[in-house]
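Sequences listed follow chains A and B, in order. Throughout the first sequence, residue numbering follows my numbering, covering 2 to 116 in sequence. Throughout the second sequence, residue numbering follows my numbering, covering 46 to 157 in sequence.
Since the hints were derived computationally from the structure, they do not count as laboratory data.
Derived pair list, reagent style PhoX-like, types lysine-lysine, alpha-carbon separation capped at 20 Å:
| no. | chain 1 | residue 1 | chain 2 | residue 2 |
| --- | --- | --- | --- | --- |
| 1 | A | 42 | B | 144 |
| 2 | A | 42 | B | 154 |
| 3 | B | 103 | B | 113 |
| 4 | B | 154 | A | 41 |
| 5 | B | 144 | A | 37 |
| 6 | B | 94 | B | 113 |
| 7 | B | 144 | A | 54 |
| 8 | B | 144 | A | 39 |
| 9 | B | 103 | B | 114 |
| 10 | A | 23 | A | 37 |
| 11 | B | 144 | B | 94 |
To give a feel for the contact side, a few chain B residues facing chain A, derived at Cβ under 8 Å:
| no. | residue |
| --- | --- |
| 12 | 79 |
| 13 | 88 |
| 14 | 89 |
| 15 | 94 |
| 16 | 96 |
| 17 | 149 |
| 18 | 150 |
Ideal Cβ placement from N, Cα and C applies to all residues, glycine included.
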Amino acid sequence: DTEVTQTPKHLVMGMTNKKSLKCEQHMGHRAMYWYKQKAKKPPELMFVYSYEKLSINESVPSRFSPECPNSSLLNLHLHALQPEDSALYLCASSRGGDRGNNEQFFGPGTRLTVL
Amino acid sequence: AQSVTQLGSHVSVSEGALVLLRCNYSSSVPPYLFWYVQYPNQGLQLLLKYTSAATLVKGINGFEAEFKKSETSFHLTKPSAHMSDAAEYFCAVTEGTYKYIFGTGTRLKVLA
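Make a model of the complete structure from these sequences and hints.
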């Protein structure tokens, strides 16, 4: 299985809602990532979990809260979002370890719209 | 710090013509370089990667890229464009173990 899955595919939420994005991989990868991608832009890194520990937090607002329950799952909890948070949210995974040549495998993304 | 420059935010080619997408990098250490493709409303798919094993790297869908250290380039080519190649292409270099530095992307249009 060489796939990263993400649910839901689309999400529309109000600014007072709480919702979660889910990501799953069964490739035995030990690093998982959340990216935010606005239209016509490259993905922007938000968080990296390595061996289930938060390794990188790119100064993301606290209304985004990541969680890594185990090595296969990654969640992104959303609360009190703003309309400018509307974007495609991508999850990725890689083997991990201490070498930078591990390619990242991306999921199909969740299209988030904040009203 | 590493950086990536993709010259040409939009490239148009005729079906059957050569595809050339440019990527130049700046890195203080031997780089690991990647090309990804993104179709509309989808995630990124790895086309190929350079990890210093060979300077000419072959990828999926007939794409290849040549690492040229003297020019700090890693341009992506395909001999004959197909309509299905129309997509956004991103070049990336790694910074540390986990971070990708992405270029701004090149949108490829294939004309019939």
